[in-house]
Amino acid sequence: DTAVSQTPKYLVTQMGNDKSIKCEQNLGHDTMYWYKQDSKKFLKIMFSYNNKELIINETVPNRFSPKSPDKAHLNLHINSLELGDSAVYFCASSPGLEPNNEQFFGPGTRLTVL
Amino acid sequence: GNSVTQMEGPVTLSEEAFLTINCTYTATGYPSLFWYVQYPGEGLQLLLKATKADDKGSNKGFEATYRKETTSFHLEKGSVQVSDSAVYFCALVERGGNKLTFGTGTQLKVEL
Numbered sequence: 001d002t003a004v005s006q007t008p009k010y011l012v013t014q015m016g017n018d019k020s021i022k023c024e025q026n027l028g029h030d031t032m033y034w035y036k037q038d039s040k041k042f043l044k045i046m047f048s049y050n051n052k053e054l055i056i057n058e059t060v061p062n063r064f065s066p067k068s069p070d071k072a073h074l075n076l077h078i079n080s081l082e083l084g085d086s087a088v089y090f091c092a093s094s095p096g097l098e099p100n101n102e103q104f105f106g107p108g109t110r111l112t113v114l
Numbered sequence: 001g002n003s004v005t006q007m008e009g010p011v012t013l014s015e016e017a018f019l020t021i022n023c024t025y026t027a028t029g030y031p032s033l034f035w036y037v038q039y040p041g042e043g044l045q046l047l048l049k050a051t052k053a054d055d056k057g058s059n060k061g062f063e064a065t066y067r068k069e070t071t072s073f074h075l076e077k078g079s080v081q082v083s084d085s086a087v088y089f090c091a092l093v094e095r096g097g098n099k100l101t102f103g104t105g106t107q108l109k110v111e112l
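From first to last, the protein sequence lines are chains A and B. Using the numbering used here, you'd call the opening residue of the first sequence number 1 and step up by one each time. Using the numbering used here, you'd call the opening residue of the second sequence number 1 and step up by one each time.
Simulated from the structure, these hints should not be mistaken for laboratory data. You may find that some hints are simply not true.
Stated by the list, open to error - Straight-line alpha carbon distances no greater than 16 Å define the calculated EDC-like cross-link-like pairs of lysine to aspartate or glutamate that follow:
| no. | chain 1 | residue 1 | chain 2 | residue 2 |
| --- | --- | --- | --- | --- |
| 1 | B | Lys99 | A | Glu24 |
| 2 | A | Lys41 | B | Glu42 |
| 3 | B | Lys99 | A | Asp18 |
| 4 | B | Lys99 | A | Asp85 |
| 5 | A | Lys36 | B | Glu8 |
| 6 | B | Lys99 | A | Glu58 |
| 7 | A | Lys9 | B | Glu42 |
| 8 | A | Lys41 | B | Glu8 |
This one's a predicted model, so the numbers in the text were calculated from it and none came from an experiment.
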C-alpha cells in the first residue's frame, strides 16, 4: 500500500509548456505539502494545504498553482515552464498542523525542462 | 529567519566506522528538530526527532541530542553499514509552526 503517491515519476517537456503533477495520500491526513529539490539536493517548501485550505505559499512564482480537490489530493500545475523549473518535486502529508508531526513523503517527480 | 547548517558531504566511511554528521540551527525560540533520510531514488523518511532541550531522538542505531546551549543536533551512529548509504537532512520546525526548514543535506557513502 503506497501511503503518498505521485504521478508521473518522470516528466520531460519543452520550455513554455504547461504540465501537472498529481499527488494522493491514503493516510487520512489533513495537511499536504509540495517541496522542490534542486540539483544540489537542497529542499525547499513551496506550498502547504490543510483541509483544502492554503496555509503556506513560499514566494513561489504564480506560474505554479496548487489545487486541492479534497484533502487526500494536492495537485501541482505549472504554466509556461522554464529551464529553472527542472528539479525533483516531492509531495508530503502529515496528520495536521502540529509542529512535531512527522511528514510522509512521496517518491518524487523528476521534472526536466528542455 | 530560521536556518539549518549541515556539514558538507560527501562523507565516505568504511563499514563499522563511527559516524557523526554535524547540524546547527538558528531559530526564534525553541524549535522541534528532525533528521530525515533519503535513500537513492526515494522520498524522505523521518529518522528521528527531538522536541525539547536535552531530548535524545534515536532510531535504527542512530542518535541525536537536542543541545540548546550550542544550538546543535548532531547525528551519530556507532557502527555504520553499507545499507546506511543515503542523504541525511537535518531540519527544524519553529515553535507554533508546521513548516520544515531543511539543511542542505549530507551524502553518506559506506564502503566494505
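Now for the hints, and whether the structure bears them out:
1. B:Lys99 to A:Glu24: Violated - the C-alpha atoms of glutamate 24 of chain A and lysine 99 of chain B are around 20 Å apart, more than 16 Å.
2. A:Lys41 to B:Glu42: The given pair, whose Cα atoms are some 13 Å apart, holds under the 16 Å limit.
3. B:Lys99 to A:Asp18: Roughly 28 Å between the alpha carbons, so the hint for lysine 99 of chain B and aspartate 18 of chain A is violated.
4. B:Lys99 to A:Asp85: Violated, at roughly 22 Å.
5. A:Lys36 to B:Glu8: violated, 20 Å
6. B:Lys99 to A:Glu58: holds, 10 Å
7. A:Lys9 to B:Glu42: holds, 11 Å
8. A:Lys41 to B:Glu8: holds, 12 Å
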